[in-house]
Amino acid sequence: MLQDGHGYLWITSTRGLLRFDPSTNEYTTFTRDDGLLDNTFSYNSAYQDKNGRMYFGTMSGLVTFYPSDILENTFNSPVYFTGFQINGREYFVNTDGSPSFKSLLATDQIRLKYNQSSFSIDFVSPTYTSPNLTRYKYKMDGSDPDWVLISGNRKVYYTNLSPGGYKFRVLSSTDGITWSNEESILNIRISPPLWLSVPAYILYILITVTIGYMLISFYLKKEALEHQRKIDIIESNKEKEILNAKINFFTNITHEVRTPLTLIKGPLDRIIKSGINNSHNTEENLSIIKKNTDRLLNLTNQLLDFRKTEKEKFKLNFIKTDLYELIESTYNLFLPFSEEKMISVHFNSPVHYYNLAVDREAITKILSNLLSNALKFAESKVDIYLEPETEKDNIIRIRVNNDGKMIPGELSEKIFEPFYQIDFDKPGEKGTGLGLSLARSLAELHNGKLFLDTSVRNLNSFVLELTKHQAESISSTLKESEGSIQGEIPEFEIFGSLENSSPNILLVEDEIEMGKFIAREISGDYNVILTYNSEEALKALKKYNITLIVSDVIMPVTNGYELCRKIKSDIEFSHIPVILLTATIHLNARIEGLDSGADAYIEKPFSTELLIAQIQNLIKNRSLDRQNFVTSPLTHFKSVALNKTDEEFLRKLNAVLMDNISENDLRVEKIADIMGISVSTLYRKVKALTELNAVEYIKLARLKKAAALLS
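The sequence shown begins at 1 in this note's numbering and counts up by one.
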């Protein structure tokens, strides 16, 4: 390896002499085609004299030259395209399927079909001095990222090019350093298939837009249908709600009518049976009849008033009225009732005379309904306030507050809807669900408002707002209607003596008068524990030894069906027979009563003699079943089981006894422990079902087992 004065390195090899430029990392190869004697140089045979002349030994002799005498090639001939093959087949000008109507020497543009994307190109540079030294580099714009260098081969191949435009460029060089100044260019365009052409894309866009439009239209139509469906569901639910409210209303009306009728019929039966002069309860029975007749009349009047306001078939007559005196007179009507219930009622007003044009009867009805509701649900006090107008507004307000159970804020408007009633646990305090609706309608006929003021804390505050000046062109056909008022509700009452041997009957009736009437009628033969709701009934069950239960069905919070289910599913009380009383007479009600586990079902109005006969029959049948079980050695324990709960209890008990029948000293405590119940529950349950104590039952079970083995 030698270095000349220009910094070039001259390197010998077996393939020629290389001139390497370290500054550019480019090299030029000289071979026999450039005048060398041989391409193969001898090892370690290079020499340079002081004049710069270089000597190299080859296999064919000595080569010597001055590096400066080596001239650069300044001429590179152009490149010409000589052939074009498509899918391996040569195409000629103007032949079938030819990509061009001109020779490749006369055109720079070729158009191909989509199925002609695999092709090859031939080209040549006509160099006559040293054709073997000619080199080429090419690049296909759109396909090749860089220039591709080739030497001997003058054919390039492309396979499966994508549709589009391409530019094939090629250059030539005879020394590998200096390339031709002008590129030879061949523009190639591959047409897309019909389904990828511009018209096809336009069609695709149109189809996409059409489908999109149809989908959007379908979605919007679906949304509209869904919206309409939701509206229909809301309307349907509203109709169902109204229908259910009306059904509940008529059910309550039926109950309201049947209960007074029963209370009228019962005393009349007693008076007829015993004779007027012979019955010491005649006066009390007649009082019950009168009170319940008035109750029916008030109920009828309230229904008629509601119907009139609903149809708007009347006008109010406004007259100058002392509003203070009107409120005070209505307030005085309710004082006896408030004293009975031990509820303090106060009327507060900054003035003792207030003249206002109102319809007296309508305002009286509004106040009566508000006071009646307040006294029904108050715990200890009711306050009435008259608030005259102020300088800020022209509104007179009458406010009625009570300290009863708070009405939820979300129900502040619901309570004014017809037929709606809040299910507070207030036995005996029932109505039609029309009072507040009627009161609001009358207030609106006065161009006023009636609402529940939810801003008042810890009190239910109903506010009646009236304007200072009322129109005087309205006449009225309303008749006076006062809300029905019921007496104080005792928490607990016992009829008879619990110390005697008579069976104890638990009576559950939320109507006070009905409860007392039934209790008096059956207390001649039984001890009666009277309760007024389901919670008190469950407490009485745990406190007293109950033989039979008589329960009303329609009661607040927990009705008779639910009470019966609780009793029949409780192992301690499931053996107790239950008689349900109801004013609902349709078949589904009977089915629900029987499904709840009731032993008998009596409809209101009913004869107390029928009730007493039913009680006697159930108790007698229970006694006969127990007696037969004890006296007959082969009678199965199922005969004394009233329901599945009792049957399961006796099945477990007998299984424990049979598993341990060989133990002579089988203790009750062990049996109770195995069954997972207390000893007291075991004793009480066995006694109730068989009239035997637990020890006696163990002996009886062994005797029955022995009798079965002998048979």
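Worth flagging that the hints you see were computed from the coordinates, not collected in a lab. Keep in mind that a hint or two might mislead.
[To be verified] Capping the alpha-carbon separation at 25 Å, the derived lysine-lysine pairs in BS3-like fashion look like this:
#: 1; residue 1: K392; residue 2: K405
#: 2; residue 1: K542; residue 2: K566
#: 3; residue 1: K290; residue 2: K246
#: 4; residue 1: K414; residue 2: K539
#: 5; residue 1: K566; residue 2: K644
#: 6; residue 1: K290; residue 2: K341
#: 7; residue 1: K414; residue 2: K392
#: 8; residue 1: K566; residue 2: K468
#: 9; residue 1: K620; residue 2: K644
#: 10; residue 1: K620; residue 2: K542
#: 11; residue 1: K392; residue 2: K341
#: 12; residue 1: K320; residue 2: K341
[Stated by the list, open to error] Here are the computed distance ranges between Cβ atoms for each label pair:
#: 13; residue 1: L297; residue 2: D570; range: 52 to 60 Å
#: 14; residue 1: L243; residue 2: E387; range: 50 to 58 Å
#: 15; residue 1: T321; residue 2: K290; range: 45 to 53 Å
#: 16; residue 1: L194; residue 2: R15; range: 47 to 55 Å
Using N, Cα and C, we set each Cβ at its ideal position, and we do this for glycine too.
Hints, one by one, checked against the model:
At roughly 33 Å between alpha-carbon atoms, K392 and K405 are farther apart than 25 Å, so this suggested pair is violated. About 13 Å separates the Cα atoms of K542 and K566, which keeps this hinted pair within 25 Å; it holds. About 29 Å separates the Cα atoms of K290 and K246, which puts this hinted pair outside 25 Å; it is violated. The suggested pairing of K414 with K539 is violated, with an alpha-carbon distance near 34 Å, which exceeds 25 Å.
Taking the CA atoms of K566 and K644, the gap is near 14 Å; set against the 25 Å cutoff, the hint holds. In summary, the hint linking K290 to K341 is supported, as the alpha carbons are separated by about 21 Å, within the 25 Å threshold. Restraint check: the Cα-Cα separation between K414 and K392 comes to about 30 Å, which exceeds 25 Å; the hinted pair is violated. Restraint check: the Cα-Cα separation between K566 and K468 comes to about 56 Å, which exceeds 25 Å; the hinted pair is violated.
Distance restraint check for K620 and K644: the Cα-Cα separation of roughly 21 Å lies within the 25 Å cut-off, and the hinted pair is therefore satisfied. Annotation: proposed proximity of K620 to K542 holds, straight-line Cα distance about 24 Å (limit 25 Å). Between K392 and K341, the direct Cα distance comes to roughly 39 Å. Violation of the 25 Å bound is thereby established for this hinted pair. Restraint check for K320 and K341: the C-alpha separation of about 35 Å exceeds 25 Å, so the hint is violated.
For the pair L297 and D570, the beta carbons lie near 43 Å from each other, so the given range of 52 to 60 Å is not met. Between L243 and E387 the C-beta distance comes to about 40 Å, which lies outside the given range of 50 to 58 Å. One distance hint, 45 to 53 Å for the beta-carbon pair T321 and K290, is violated here, with the actual separation near 32 Å. A C-beta distance of roughly 54 Å is found between L194 and R15, which places it inside the suggested range of 47 to 55 Å.
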